[in-house]
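Chains X and U, in that order, are what the protein sequence lines are. Okay, so the first sequence: first residue is 1 according to my numbering, each after it adds one. Okay, so the second sequence: first residue is 1 according to my numbering, each after it adds one.
There may be inaccurate statements among the hints.
Claimed, not checked - Calculated pairs, DSSO-like style, for lysine-lysine (alpha carbon to alpha carbon, straight line, at most 27 Å):
1) U:LYS48 x U:LYS78
2) X:LYS135 x U:LYS48
3) X:LYS215 x X:LYS23
4) X:LYS237 x X:LYS72
5) X:LYS135 x U:LYS78
Hints were generated in silico from the structure; no laboratory data involved.
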Amino acid sequence: MSHHIVEVRNLQHVYSDGTIALKDVSFMLTHGESVAIIGANGAGKSTLLQHLNGSLEPSGGSIHIGHTPLSKSTLPDIRRTVGMVFQDPDDQLFMPTVFDDVAFGPFNLGLSVADVEQRVMEVLEQVGASHLRAKPPYHLSGGEKKRVAIATVLAMSPDILVMDEPTSGLDPFARRQLMALLQDFHHTKIFTSHDLDMVLDICERTIILHEGLVKADGPTREIFRNEALLSSCRLEKPLSMQGCPICRDIR
Amino acid sequence: MASIHGAILDLKRLDLLADSNTCIHRIDARAKVLVTLVFIVSVVSFGKYELTALFPFIIFPVVMIALADLPPLYIVRKVALLCPFVLVVGIFNPVFDREVLVQLGTLSISAGWISFVSILVRSILTVGAAFILVGVTGFTAVCQALERMGMPQVFAVQLLFLYRYIFVLTEEGGRASRARELRSCGRKGLGIRSFGSLVGHLLLRTWQRAERIHMAMLARGFTGEFHSYRQSSFGKTEIWFVLGWSTLFIMLRTQNVSQFLGALVTGLFS
């Protein structure tokens, strides 16, 4: 399939205190793409993500998911299509147990108890968290919380997966596990991250936001080779592209 | 802020106790909630100068702790934490109510002291029963039981959210308080003023978090209704559990067993 699945046209957002977060953002994603949105702190990444499932309303411009424009009437459908994983899993896990939390979305979709149970077990299995199902969220470690947060979203069977800083706060092993998990998904994926090495591994395309504008949009490797562009946007090459510091000193 | 973190760990322990698998834990939550309610109502409904008739009620917490294998010292410590509040409530009774009610030789005990001790005993019994209920059932199950017994869902959901975020918020409060302590170098810092702004910030952060949680709920199709999948049965064991305890409580409420036993013992010796 090659139809456009996410289309953002001249998106603008001004917060109520007058802060201009997005000046003019346009891009188009096709089915199955894995895209990173990177940029310095305050570049507008999180604001942009919150527009994708209607958590924030644009001050100007428009968003289309599939061929449906995002508006009040299409919001319930769009929220099912776009699965959003928040940066802080504590914001996402609000039910008393892991099972209840993952079941929350499917119940809201109106599935029967048997279907909900089956779906919950499937997604928990998929993220490797089925042994945690009876635990309350506050008894989980950071990595476990992240996995369960992803499961809560997968249980809604979204077509598009949007994740805010998926690897932040994880230890190296949990980070690797999560990256392997994300690589297995065939959804259209949109990430924001400061972990550029992760971006290099799992996103073939990268969009750089800078002061509310799209500064660059293209293949990840190409963008990361352009040092002038990166430093003008307060970014750096990922560590894996910087060469070994020890060998460099010896030479 | 070791005390705040300690308090959280303590609360988590109460939650973990509910995971055990004893005969009491296996009973349907509704039965346990009902029995605890009857217990509390029976204890609270005594007149304010009643003291002797309260003591036999101790049998309920003792039996529950023994059968459910709860750590008794832990429960006693939890209940003791509440005593200062009770003392504040009852401390003026002996001052205002000076009428002499009991005369032991030369020692005269005023009605105020009797009612003060009565308040203390009642609090220990009722709070203890509530802790035991959570320890053998789990807070979530208690809320769900209340909901299935007719409490409006909105209250149940509020309670569940409160319980879920107590941990997150106390940890946040603990961190903020530790940061303040570290920068005040063992002195008072800016005293009450800095605490004011600290609490204010905590409130604002709570607000922001609530907004994010609401967003997360909306993103997963929340329309104002909570669904529950739990099925449990109110069988024979539950009926016997409720009937047995309720009968005992009503009997203890209507008959003063302490007095009866006292009369029996003194009758034997006279």
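Do the hints match the structure? See the list:
1. U:LYS48 x U:LYS78: Roughly 25 Å between the alpha carbons, so the hint for U:LYS48 and U:LYS78 holds.
2. X:LYS135 x U:LYS48: 44 Å, violated
3. X:LYS215 x X:LYS23: 12 Å, holds
4. X:LYS237 x X:LYS72: Violated. X:LYS237 to X:LYS72 sits at ~40 Å, over the 27 Å cutoff.
5. X:LYS135 x U:LYS78: With Cα atoms ~24 Å apart, X:LYS135 and U:LYS78 stay inside 27 Å; holds.
Violated hints, in rising order: 2 and 4; the structure is consistent with all others.
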